[in-house]
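Student: Going down the list, the sequences are from chains G and V.
The first sequence begins at 1 in the UniProt record's numbering and counts up by one.
The second sequence begins at 1 in the UniProt record's numbering and counts up by one.
None of these hints come from the bench; they were simulated from the model.
Keep in mind that a hint or two might mislead.
To be verified - In silico BS3-like pairs for lysine-lysine, Cα to Cα no more than 30 Å straight-line:
| id | chain 1 | residue 1 | chain 2 | residue 2 |
| --- | --- | --- | --- | --- |
| 1 | V | Lys249 | V | Lys126 |
| 2 | G | Lys150 | V | Lys126 |
| 3 | G | Lys140 | G | Lys150 |
| 4 | V | Lys249 | V | Lys41 |
| 5 | V | Lys345 | G | Lys150 |
| 6 | V | Lys164 | V | Lys144 |
| 7 | V | Lys144 | V | Lys126 |
| 8 | G | Lys70 | V | Lys345 |
| 9 | G | Lys140 | V | Lys126 |
| 10 | G | Lys10 | V | Lys345 |
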Amino acid sequence: MTLLTAVKVKHYFGGLCAVSDFNLQLHYGDLMGIIGPNGAGKTTIFNLITGVYRASEGSIRLRNTELVGKTPHQITALRVGRTFQNIRLFRDLSVLDNVRIAHYAQADYSPLEALLHIGRYRREEQRIIENSQRLLAIFKLEHLAGETAKNLPYGLQRRLEIARALAIGPELLLLDEPAAGMNPNEIDLLMEFIQWIRTEFKLTILLIEHQMKLVMGICERITVLDFGETLVEGPPEVIQNHPKVLEAYLGEGPVG
Amino acid sequence: MSALLRSGWEWFIAQRWLMMVFLIIGFVLAFAIPEYNLLNKYVQLVMMYVGINIILTVSLNLVNGYMGEFSLAHAGFMAVGAYTAALLTQKVLPIAAHPWLFPLAVLMGGLVAAVLGLIVAVPSFKVRGDYLAIITLAFLMIVKSVIENIDYIGGPRGIPGIKKLTTLPWVFFWVVVTVWVVRNFVYSKYGRGVLSIREDEIASDLMSVNTRRVKFMAFMVSSFFAGIAGGLFAHLLQFISPRVFDIIKTTDVLIMVYLGGIASIGGSILGATAYTVLLELLRPSTVAAMLAWLPAMVFDPLNEYVISHLGVWRMVIMPLLLVLVMLYWPRGIMGLREFRWFVPKRDMEAHHCLNKPTGGSHDAADGR
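Working from the sequences, and respecting the hints, build out all of it.
Tutor: See below:
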């Protein structure tokens, strides 16, 4: 069953074509990687899927809903969670609040109930706190619930960002360079961790990564992007030796 | 000794039921003070100004502190509330026969201001920071010149002879309502949305926060209470004109917000109180009255060369205070902190009970 389809997606920044012909098909439960040289348009793809940018042309469909033209919070409410290349936590807020904010769309109460703290407010807030604490416990962050997010060490901030993305209750999780700034040992742990959340939360994962070890190690399929165009798509072993990929990364012509 | 004081304070702030006791004592005093003249008229007047300024400060803090925007329109909303309420009591409602209609007039002032708040919220979808500040400044100027050009409401001359309907109990009532509603708003999903917009608007949108709706609500609640404060202000000063609600009025409220500290209701209450009282203390007559016990030999020259000039100097001293606060105390009295009684118990427990280390340091927890 297909979860996400992107067909002939194009995006321009002014006159510059950032994404020229992007195609993707993602099935339920897939773990797919997007790789490509710097400036290939990888993060732009994430921004197009999540509605930060509106695709100039083409179609992106989640289940049976067209995503192009929807705002980020509408798309997020369709159960798409994401993390960012440079950590974008709510730095001055507590760890707990970071996770609670991501429950916005699920919290089922009206503005009036919020202003007067009546009706469904109490039940919903209690549920949100319990769910946030459950997530923090899974990520071993529960003892830091009251801590300000910016005071956490780098590794924990990355982990909190994933916890926050999962608070949305996503079916599709987009990870933008989750291994950035990690040493090989930490990358091994991260690989196990991604596999684990994938089964635990029944996720479909799309990830951008430069660390070949991680991409080749856990992704079942890989899409190679160059100059905003889908170059090749296939399993890691095919990608590794594909002439087009080698060309994109290493340049043309005979080696030696 | 200090340890004893500290534990005493800890015990005190843990007793949340005391809040209700203080609330009841407050209401009783608000009725008793004017009824039995427990304090002189001047002190009563200052108390009412303190109350109105608390309403203004808490409501502006919602936009400038919690949401991190820089709105200069607050005096404009206040003007709208003041004019609406004053017109209702002077020309529409039969107030002479039914003084109990006064709260209705104030409420209407708040509602009209809230509707205008929606209009100001719209540009905030597109622009932030300095640019939004300029737009709100333009709004303030528009409000002022519109009022100046409508002859029916007195034009630049304003509305004189408004009945004095604002009383201490009413001010206290509205202060309580403001604090309660703003606090409820802040500790809801919308309030957390407001905070997340201050932190990172795009990330906030991507975490499912409907940023437009949240901005609408924040501006509406904020301008509603500015309108309420305006209505109370008009019926206390008994005279309003467009000049009363210029940029200086907004600046006053800004000083109170930043002195008290951003994103803090407790801070806003303290900031508004401290600023209003300080400003009153710098009046020549007040200072002269306070220092009257000095021997004439000292008092007379002091009065002649210093005290009598304070009227000019207090408008220098107060802005100077703002500069010093910004430079050396940017967080103000309680910036980003909250008085515990205002934090819902649920939020408090969720943050604090789990805040005790459950064995192991950060590093130990870091290994997945």
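Student: Compare the distance between the alpha carbons of G:Lys140 and G:Lys150 with 30 Å, and conclude whether the hinted pair is satisfied.
Tutor: holds, 17 Å
Student: Between V:Lys164 and V:Lys144, is the straight-line Cα distance small enough, at 30 Å or below?
Tutor: holds, 24 Å
Student: Please verify whether G:Lys150 and V:Lys126 have alpha carbons no more than 30 Å apart.
Tutor: holds, 28 Å
Student: Is it true that the CA of G:Lys140 sits at most 30 Å from the CA of V:Lys126?
Tutor: Roughly 39 Å separates the two Cα atoms, so the pair is violated.
Student: Going straight from one Cα to the other, do V:Lys249 and V:Lys41 come out at no more than 30 Å?
Tutor: Cα-Cα ~24 Å, so holds.
Student: Are the Cα atoms of V:Lys144 and V:Lys126 separated by 30 Å or less?
Tutor: holds, 25 Å
Student: Going straight from one Cα to the other, do V:Lys249 and V:Lys126 come out at no more than 30 Å?
Tutor: holds, 27 Å
Student: Starting from G:Lys10, check that the Cα of V:Lys345 is at most 30 Å away, please.
Tutor: violated, 50 Å
Student: Starting from G:Lys70, check that the Cα of V:Lys345 is at most 30 Å away, please.
Tutor: Given pair G:Lys70, V:Lys345 is violated - Cα atoms ~37 Å apart, limit 30 Å.
Student: Are the Cα positions of V:Lys345 and G:Lys150 separated by 30 Å at most?
Tutor: It holds: about 25 Å lies between the C-alpha atoms, which stays within 30 Å.
Hints 8, 9 and 10 from the list above are not met by this structure, while the remaining hints are.
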